[in-house]
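There are 4 protein chains.
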Amino acid sequence: MPTWTLDRLNAMPAPDFGAALGSVFEHASWVAEQAAAARPFATVTALHEAMREAVAHAGTERQLALIRGHPELGSRVRRAEFTTHSQAEQGALGLDRLSEAEFARFQQLNAAYRDKFSLPFVICVRRHTRQSILREMERRLGNDAAAEPATALAEIALIARLRLVGLVDGPGKPKTDGRLSTHVLDIVRGRPAAGVRVSLFEIGESARASLREAVTDADGRAELIAGEPLRIGSYELAFAIGDHFARLAQAAPGARHFRDLPFLDIVPLRVSIAEPEAHYHVPLLATPWSYTTYRGS
Amino acid sequence: MPTWTLDRLNAMPAPDFGAALGSVFEHASWVAEQAAAARPFATVTALHEAMREAVAHAGTERQLALIRGHPELGSRVRRAEFTTHSQAEQGALGLDRLSEAEFARFQQLNAAYRDKFSLPFVICVRRHTRQSILREMERRLGNDAAAEPATALAEIALIARLRLVGLVDGPGKPKTDGRLSTHVLDIVRGRPAAGVRVSLFEIGESARASLREAVTDADGRAELIAGEPLRIGSYELAFAIGDHFARLAQAAPGARHFRDLPFLDIVPLRVSIAEPEAHYHVPLLATPWSYTTYRGS
Amino acid sequence: MPTWTLDRLNAMPAPDFGAALGSVFEHASWVAEQAAAARPFATVTALHEAMREAVAHAGTERQLALIRGHPELGSRVRRAEFTTHSQAEQGALGLDRLSEAEFARFQQLNAAYRDKFSLPFVICVRRHTRQSILREMERRLGNDAAAEPATALAEIALIARLRLVGLVDGPGKPKTDGRLSTHVLDIVRGRPAAGVRVSLFEIGESARASLREAVTDADGRAELIAGEPLRIGSYELAFAIGDHFARLAQAAPGARHFRDLPFLDIVPLRVSIAEPEAHYHVPLLATPWSYTTYRGS
Amino acid sequence: MPTWTLDRLNAMPAPDFGAALGSVFEHASWVAEQAAAARPFATVTALHEAMREAVAHAGTERQLALIRGHPELGSRVRRAEFTTHSQAEQGALGLDRLSEAEFARFQQLNAAYRDKFSLPFVICVRRHTRQSILREMERRLGNDAAAEPATALAEIALIARLRLVGLVDGPGKPKTDGRLSTHVLDIVRGRPAAGVRVSLFEIGESARASLREAVTDADGRAELIAGEPLRIGSYELAFAIGDHFARLAQAAPGARHFRDLPFLDIVPLRVSIAEPEAHYHVPLLATPWSYTTYRGS
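Residue numbers (my numbering), protein chains in the order written: chain A, 1 to 297; chain B, 298 to 594; chain C, 595 to 891; chain D, 892 to 1188.
Hint data in this document are derived by calculation from the structure and do not stem from the laboratory. It is possible that some hints are incorrect.
Unchecked claim - Counterexamples of contact, computed for chain C against chain D with all Cβ distances above 12 Å:
hint, residue
1, Thr639
2, Ala644
3, Glu647
4, His651
5, Leu658
6, Gly760
7, Asp763
8, Gly764
9, Ser775
10, Ala801
11, Arg806
12, Ser828
13, Leu842
14, Leu858
15, Pro862
16, Thr881
As the list claims (entries may be wrong) - Taking CB as the label site, the calculated pair distances span:
hint, chain 1, residue 1, chain 2, residue 2, range
17, B, Ala515, D, Leu1139, 55 to 61 Å
18, A, Gln107, B, Asp514, 41 to 47 Å
19, C, Glu817, A, Gln107, 40 to 46 Å
20, B, Gln547, D, Asp907, 53 to 59 Å
21, D, Glu1166, C, Asp813, 55 to 61 Å
22, D, Ala905, B, Gln547, 51 to 57 Å
23, D, Leu1139, C, Ala739, 31 to 37 Å
24, B, Gln547, D, Gly950, 30 to 36 Å
25, C, Ala843, A, Thr43, 35 to 41 Å
26, A, Ala11, B, Gln547, 52 to 58 Å
27, C, Ala843, A, His57, 41 to 47 Å
28, B, Gln547, A, Ala14, 34 to 40 Å
29, C, Gly736, D, Arg1103, 34 to 40 Å
This one's a predicted model, so the numbers in the text were calculated from it and none came from an experiment. Cβ atoms here follow ideal geometry from the backbone N, Cα and C, with glycine treated the same way.
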């Protein structure tokens, strides 16, 4: 539950406002203090925008200090404690601890980043899997030293947006949630396939981690992720289609023993998520011998 | 290359015929000797049929002796040496050595089978994966003691059929080969998808083993297994669809950098094979955002 | 807008109630009068049920008189005036006037029905197309004389249900509306296809009639029929898919002249509706070279 | 059956060669006579190429005379006699006689063409439907007067190629045949759908003409057009899918009366053909509630 309403934040004395939102930008309560002057805000998005503006006009010195105020990612990744502000931000990082090889690669990239840019590597962890963090480290290592601070500040704004949405209730909240959903149709019967078990896995280079189990409802639908940003990365949805058709075959009058090795049993769909705030709807149209999947809406 | 032609076998003295085909039924050259009297054979299938007839009319004693003439499967499965006749019959068993747990289960099932039926467990290994052998052991353990010898003899006939087809050339050879093939269509362009890498894996309970790599030809087709029985079991075909569309996007005039995390990258299809001598054709119709697969023909 | 609320009907004197609902069963105000005694009704469905009960216990004489109170369908079908109660019930019968041949067949079936059953042919016209009315005439002509009155009374109950829902507002209204909708996905882009023109036709034996034009909204969706029963019969949905892809090709940077004869231009889907109160959702997943359609949900 | 072999044509005296192939280019035996000097030809394609070269180097005067040697298309289109050389070339023009409106448009376009270019409109009729001829007339009317003779000569080369392939047997024949085929898969059963009736129609602006009926073979396949060029234009393939599933439902043990109004009965696919010498393979993957079609290979 958010602690504040936008109305209260608009009405309170400036120092209280600064105190209320001081932790939104890590170790930089001056951002909230400056934004206080732009009150009242009609929307939470406008408030976030004003805080970004304060950063944008703060000058290079303060911007670099803001970046440097962020904890080093590398030293703690192994224990899934990427930042100090909120353990919760890291809690759901899907993959289990990094393998030795990945950890070594991580350490090396982190060191190379600090060497090149003299900055800690900052990223909005809640929008990423370990896999995509490694990928981003590699990609950003290729950036110009002059351009990289802007990238880091954009990530900091994303972190702040998530914190703000968690702290403040009010109209015009920016979209920070993504959604991953599915819909299973039994096209032998022209009906939703209810009661189908769907398992969601995160796919890393060296491992896969089970994230969630769901079962399709009476309309054949299941929500797999909602109410939080999706994490950029690769996933597998595994549908127990064989069980569905075996169940129906047994229910049919005069059904004989259903073959114990059906052509399709577990149907795996492997998809990647690139936009954390988007809705990924991935339906499955199935028969015992075929299926179709697509990015729906 | 087969050693004999049907014509030569039809023409040679009966003892030579018996010697030529004596090893077709394990340690039971009497089967070939009896079949000699039914010559000439118009087809290889008729020859196989005559040998099966000889077994069918041999009486229970000789039938049980025939089954008992087969080596114990269990003691050697770990080293992938299921029978003595032909190492080649075992060579392609897809999964790597059994895990400790599977081996223990195997030993236990094998012992239980011998206890219940006083027979070695006989199965036509070339039509099976380790996974399906374990499954068959479990299933056959549930059989009646009175009925099980018929099942074992049917497996011995399948073993003999494969050996016969390897030994004898001539008209009317029984079908012993299966086929697993695919066809990739790029339905964005309405054309076959050429040059798509396809990897074939065998899926066991505790492991997956890479069987083969193929690349689709100019018509989008690839043969994955041909010229041998398919092994009953579960498989995964993995298509490098992301690479295909990235390649085409780069070739397009004015192409910008292709997104490094496409919605679909590797498309896995998991299918089971239940009929070793059948043709399993598994096409893939793909866009960067959707695909359809089905058992084709 | 309904004339009455259920509350008012529950509260008014019995004779007023009888007058208010007297026309719900054609020329049979006694049905409403008897149902008055069962008040109060918690739901509109319960009210309808009570009226059906009154008919069910009225005895054969009165039931036959109720059926005979309905106008002859045959004499006026040509001018699309199937019943006297409400012209509106007939207004939307999709096909233009019957062809000479169909009219002759209609007249003949109607006469044969009256000869066999000594009853006018009664059917809930708003749930039917001309095609399905002809089909029902043929089918019911094959019924037992003893069983047919029950079929006619079931149709009369369907007619009454529609009239009741039109007259009375209140909780628990029975479902009388069907829905025909579509959803067009552009699976080349992994996005809804917005702005696609969809034409709906009713398909008769000798003609097809244009019912409606729609354009898909920003989410690729279009409602084709809603807020009324669907009419049992055959339909064609025609999607201007060629225009959609041509539009996008022209919008693309560096687009060349789009081929004037695309493989797919108008995509026709021909489906039949058998359940007037159901939701038929018929999506289309399209590329310029392929499409998939299915009964969705 | 071709009249000549390439070998004989290579060996015969030049005047005989000229006589043998004199009619390949309409009223222009000089083309064959000049090509004689380039003998021997290794392939029929090389022979055709040499004749095209003779035309290409003949100079504007002779080229225009060659075009003018072709009969007027317009005066006879109504009776489907587009050229004098070969009635057979016109015989299969799918649509019935043009409507009055189409004929009027045709006459007007033809007159406008002659006015603008002082040439008869020449087109390789066997590669076209009436619809695409009208479209081509309109398109070519927009051409530059300077450029249009090249278009007419390209059409004459296509006419000649077809005549040559009909007259001469030998290696390296140019491809002049197209192919339209289908393949119906019953994805409820994972098997080809055998015995499905497929009707082929040509779709014109004002009419549709039935071209052919076929029935899928045991492998679910049917050839619709082969051994001739496809005609550029729009087609409908209509599959009797409802009958197929009704048949199977009746064959199933314990089948009840199959619903007389199935969701899918006749499935129409409307496709356009733009390349007369190409293979258009249009499969259908069907259940009683869904289908997928695509341009296959």
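Hint check results:
Once the 12 Å rule is applied to beta carbons, Thr639 of chain C is consistent with being away from chain D; the minimum gap is 27 Å. Interface exclusion of Ala644 of chain C from chain D stands, the closest Cβ pair being 32 Å apart, more than 12 Å. With a cut of 12 Å on Cβ distances, Glu647 of chain C stays outside the contact zone with chain D, its closest approach being about 30 Å. Chain D leaves His651 of chain C outside its interface by the beta-carbon criterion, the shortest separation being 32 Å against a cut-off of 12 Å.
With a closest Cβ-Cβ approach of about 28 Å to chain D, Leu658 of chain C is found to remain outside the 12 Å limit, as its non-interface label requires. In this structure Gly760 of chain C is separated from chain D by more than 12 Å, as the shortest Cβ-Cβ distance comes to about 27 Å. Every Cβ of chain D is farther than 12 Å from the Cβ of Asp763 of chain C; the closest lies at roughly 33 Å, confirming the non-interface assignment. A cut-off of 12 Å between C-beta atoms confirms that Gly764 of chain C is not in contact with chain D; the least separation is 34 Å.
The Cβ of Ser775 of chain C lies farther than 12 Å from every Cβ of chain D, with a closest approach of about 15 Å, so its non-interface assignment holds. For Ala801 of chain C, the requirement that its beta carbon stay farther than 12 Å from each beta carbon of chain D is met, with the minimum near 14 Å. With a least CB separation of 19 Å from chain D, Arg806 of chain C remains clear of the 12 Å interface cut-off, as annotated. In this structure Ser828 of chain C is not separated from chain D by more than 12 Å, as the shortest Cβ-Cβ distance comes to only about 7 Å.
For Leu842 of chain C, the non-interface assignment is confirmed: its Cβ lies about 18 Å from the closest Cβ of chain D, beyond the 12 Å cut-off. The Cβ of Leu858 of chain C does not lie farther than 12 Å from every Cβ of chain D; its closest approach is about 7 Å, which violates its non-interface assignment. Against the 12 Å criterion, Pro862 of chain C falls within the reach of chain D, whose nearest CB is about 5 Å from its own CB. Its closest Cβ contact with chain D, about 8 Å, brings Thr881 of chain C to no more than 12 Å, contrary to its assignment away from the interface.
Distance hint check: the CB atoms of Ala515 of chain B and Leu1139 of chain D are about 37 Å apart, inconsistent with the given range 55 to 61 Å. Distance hint check for Gln107 of chain A and Asp514 of chain B: the Cβ-Cβ separation is about 45 Å, which falls inside the suggested range of 41 to 47 Å. Checked against the hint of 40 to 46 Å, the C-beta distance between Glu817 of chain C and Gln107 of chain A comes to roughly 57 Å, which is inconsistent with it. Under the hint 53 to 59 Å, the C-beta atoms of Gln547 of chain B and Asp907 of chain D, about 56 Å apart, fit the expected range.
About 36 Å separates the C-beta atoms of Glu1166 of chain D and Asp813 of chain C, a value inconsistent with the hinted range of 55 to 61 Å. Range check, Ala905 of chain D to Gln547 of chain B: Cβ separation about 54 Å, and the 51 to 57 Å hint holds. For Leu1139 of chain D and Ala739 of chain C, the hinted distance range of 31 to 37 Å is satisfied, since their beta carbons lie about 35 Å from each other. In this structure the hint that Gln547 of chain B and Gly950 of chain D lie 30 to 36 Å apart at CB is violated, the actual value being about 46 Å.
Look at Ala843 of chain C against Thr43 of chain A: about 39 Å separates their beta carbons, and that is inside 35 to 41 Å. The hinted range of 52 to 58 Å is satisfied by Ala11 of chain A and Gln547 of chain B, whose Cβ atoms lie roughly 56 Å apart. Between Ala843 of chain C and His57 of chain A the beta carbons are some 44 Å apart, a value that agrees with the proposed interval 41 to 47 Å. Judged by the Cβ atoms, the range 34 to 40 Å given for Gln547 of chain B and Ala14 of chain A is violated: they are separated by roughly 54 Å.
Checking the proposed 34 to 40 Å range against Gly736 of chain C and Arg1103 of chain D shows it holds: the Cβ atoms sit about 37 Å from each other.
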